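Peer 1: Fit chain B to the supplied structure of chain A, relying on the hints for placement.
Listed in order, the protein sequences are those of chains A and B. In terms of my numbering, the first sequence opens at residue 107 and continues consecutively. In terms of my numbering, the second sequence opens at residue 43 and continues consecutively.
All the given hints hold, so there is nothing to weed out.
Taking lysine to any residue pairs in the SDA-like style, the calculated list, with each CA pair at most 20 Å apart, reads: (1) A:Lys172 to A:Ala135; (2) A:Lys139 to B:Ser107; (3) A:Lys231 to B:Arg87.
Calculated Cβ distances over 12 Å to all of chain A for the following chain B residues: (4) Met67; (5) Gln68; (6) Leu69; (7) Leu70; (8) Ser71; (9) Glu72; (10) Asp73; (11) Glu74; (12) Arg77; (13) Thr387; (14) Thr389; (15) Glu390; (16) Arg391; (17) Val392; (18) His395; (19) Arg398.
Worth flagging that the hints you see were computed from the coordinates, not collected in a lab. Computed from a predicted structure; not experimentally measured. Note that beta-carbon positions come from the ideal geometry of N, C-alpha and C, so glycine has one too.
If you want the building blocks of each chain, they are given just below.
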Amino acid sequence: MNTAMPRVTTEDLRLIESTLAGQSEAFGALVEKYQDRLYHSMLRLTGSPEEARDVGQDAFVQAFVKLKTFRGRSNFYTWLYRIAFNLAMTERRRNRPVISLDQTRDLVGTEPEDRADRPDQHLEKQDQAKQVRQALQRLGEEHSAVLVLREIEDFSYDVISRMLDLPVGTVRSRLHRARIRMKEEMQRILE
Amino acid sequence: MDNREELISAYLDGELSDEEQQQVMQLLSEDEAARQLFADFQSLRSSLRSSFRALPADPVDHAFSKEVLERVEQVSPEQPQATPSPAPREPTFRPRMLLWPAMAIAAAIMLMVFYEEPISNDQPSRDATSQNGLLARLDDAPKGPAMMAKPQPAPSPIPDAAATIEQEAVESIVVTPSESQAFAIEDSLKSAVGSSSSDSTEGLAKKRKADSPAVKDAELAHRWAPPTSSSQSQIATARMRKEIYRKQNDIKGQRLAKSAHPAFGEAAGSHTGLAADELGEERAAPISKFVFLVQRGIDLRTELDQLVRDPLPSIKATPPEAALGQLQKIEQIAASPTQYIFDLTGTERVIRHSVRRLQQSKNFQLVSASPVGREEEEPLLSEQKNSKQSREGQDGQKAKPAPSEAVAKQLPTVAHRRVRLIFVVEADPAPPSAAPPSAAPSSASPPSSASPPSK
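Bound-form chain A, shown alone (with noise of 0.2 Å):
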């Protein structure tokens, strides 16, 4: 069963212990690594620009903050990680009006052109992606949270328990049923 932790690497370690030791500039770097994983991750989880960009800042500055309370046990952007994740639910439990990717696409059309494909075929591979994320998000958080820290961010079961403070099996079983609500999402909108 895999339950390692990721460790956090020697130059995190140094640039925290500069961080603490009141070196600003080595919390920008760790700001510099860390800004587009986390932004990514949080705009697949959240669904807005707008929204992972906020969340993102605010888990720098809440990370800065919390600096010592970092015992070394995770990855560095593990521990952020998860600072994000719950600013990100705390965000969507205030009903928050979010525009969604989706919708952010339709608006502006920020989304890339994959230029191998036919447009045809372009056409059906956006329609499909879309409707994916939309059966995500009519899981609930529950399972969406879940299923994207396994699937999309790729975390192991050790790490979402952590994240989620869930027992191990908790997120097994949680997991599983995740699963099976997607693939009857899934279903669904194939018919």
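Peer 2: Same frame as chain A, but now just chain B:
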């Protein structure tokens, strides 16, 4: 079927035990429905990943990090809860109603100290290589009659988490170059009690090794290494707290001894008094490590609330004359029945006063006092020697050997914020056969080899 489906789901993620994995592989080889479900899960994963892969992957703009850093400039990192307060409060009047809570706290700490006390012949397994030398060496020294009237009880079979934490904290101490003199003193003391002298060299070698970048990297990784059990978690927490405290106070190489409430120790006594009545002499003996000083005229106090949060840095010592001010800190570096090592931190006047008080006591000999961290300027005790000898002559008491000139010259004077004092406990005036042989050299007069390099 639910459990089987769940196993298949976890099998896809590679999160099964070996036994479960065999079970699923058997199932997939035999059951068509199971194979179909596994294929569906694989297809679902593929769809999810490709759908999100199609999302824009543009990097965030430069304003992102700039805005984060601007916000970070306006906040400061939070202090962890366990962080001790770096600035203890000034002493204040405490009403009588605080007596019982104070006693309760002291009793709790007493228990903690009691269970961890290492002065026992039945406890030879302290790892000298992992104790930074001194504590282990002193623990291994023969026990004299002054402090150990009876053998100590066997250590409790129940692991003492607090003791473990502290032991680990001691192990994690960084030895600074400024402590090289102290090592020299420790070496000479060690030879006085007949133990090996290689540990000091080891200590200095450790220090040199600890300064190398490779070792610092290893320390960095070790310090942040995740614990694997609850006790290791406690140890890691203790290390973190110590490290944070060290950073906040810019204290390097500080050795923190476990503390008990000194005033309680004074009231309770060690071999006698309340503690001895309640616990028996041998169990009461090691309760207060600081009663030794209290009985010799150094008033000790702690801040009660700080004691609760984190007792380690809170030991204070106050000479009786208020005008003298107070010692900033007094730390028991090590103790055995035959010797004590304390660090006093304070102004020159306060340290001078404290040393004078200590010199006036019986049955122990100040072997040396050496600065820890700063250069000395003028002898501290030169003016005290004559008055002390005169007092002893008038009292008709047994003349105690005065510190040698060499030792007196080592005594610090001005600007020594931290001074290390080493005492050798003299045997009680008893038949020679009653004293352990190894205590003899240290009881008569300080060995000449006990003199550390003064500068």
